[in-house]
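> Here the sequence shown stands for residues 1 to 179, numbered as in full-length UniProt numbering.
Derived from the structure by calculation, the hints contain no laboratory data. Among the hints, a few may not be true.
Stated by the list, open to error - Simulated crosslink set (SDA-like; lysine to any residue; CA at most 25 Å straight-line):
1. K148 to R111
2. K148 to H125
3. K148 to G138
4. K121 to P136
5. K94 to A130
6. K121 to N81
7. K109 to H125
8. K94 to A139
9. K94 to L43
10. K148 to E106
11. K91 to T36
12. K121 to G65
13. K35 to V73
14. K35 to D47
15. K35 to P50
16. K109 to E88
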Amino acid sequence: MVCEQPEVFASACALARAFPLFTHRSGASRRLEKKTVTVEFFLVGQDNGPVEVSTLQCLANATDGVRLAARIVDTPCNEMNTDTFLEEINKVGKELGIIPTIIRDEELKTRGFGGIYGVGKAALHPPALAVLSHTPDGATQTIAWVGKGIVYDTGGLSIKGKRAWKRIQRLPDLFGTVA
Numbered sequence: 001m002v003c004e005q006p007e008v009f010a011s012a013c014a015l016a017r018a019f020p021l022f023t024h025r026s027g028a029s030r031r032l033e034k035k036t037v038t039v040e041f042f043l044v045g046q047d048n049g050p051v052e053v054s055t056l057q058c059l060a061n062a063t064d065g066v067r068l069a070a071r072i073v074d075t076p077c078n079e080m081n082t083d084t085f086l087e088e089i090n091k092v093g094k095e096l097g098i099i100p101t102i103i104r105d106e107e108l109k110t111r112g113f114g115g116i117y118g119v120g121k122a123a124l125h126p127p128a129l130a131v132l133s134h135t136p137d138g139a140t141q142t143i144a145w146v147g148k149g150i151v152y153d154t155g156g157l158s159i160k161g162k163r164a165w166k167r168i169q170r171l172p173d174l175f176g177t178v179a
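Assemble the whole structure, with the sequences as input and the hints as a guide.
Next comes the structure, spelled out in structure tokens:
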């Protein structure tokens, strides 16, 4: 890849998306083919000096994140159900040293999350709310990032036609969560 240094981050993330961790070829029902892809960046322009190790680590983390997010979003909801999604959350939490708080089933209702409970109670895998919190040393302000992930969605059953309903059932809405 030939680019200027300011474009390395965006280019690397775009390339990471081009090599997904999940496709129907790599789903659970098929044999995984291990392939190694090596991408070299050639920096051109005025700012083409060496890249710091911390920048490379940030880039590696970002591209890993892009591929993980793509895998979660691309996995069909019959495989990426609530339980599987919570396993992913716990795995990422463990890597980051964060213990997620998981609120499930009836506890959602009793703690005031009736919307999540109401929509998800018809699903085979019970609904859940996961909270991941991190307070860095010396933090002086609180920032909240909120993402919604739905692995079971009726999509407004009463307003969908027969053909649209079949398509909606297969589409998880995890984009906000993985962002």
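> It remains to establish, for every hint, whether it holds in the given structure.
Hints and how they fare:
no., hint, result
1, K148 to R111, "holds (18 Å)"
2, K148 to H125, "holds (17 Å)"
3, K148 to G138, "violated (29 Å)"
4, K121 to P136, "violated (36 Å)"
5, K94 to A130, "holds (14 Å)"
6, K121 to N81, "holds (13 Å)"
7, K109 to H125, "holds (16 Å)"
8, K94 to A139, "holds (21 Å)"
9, K94 to L43, "violated (35 Å)"
10, K148 to E106, "holds (19 Å)"
11, K91 to T36, "holds (24 Å)"
12, K121 to G65, "violated (30 Å)"
13, K35 to V73, "holds (21 Å)"
14, K35 to D47, "violated (33 Å)"
15, K35 to P50, "violated (28 Å)"
16, K109 to E88, "holds (24 Å)"
Hint compliance for this structure: hints 3, 4, 9, 12, 14 and 15 are not met, and every other hint is.
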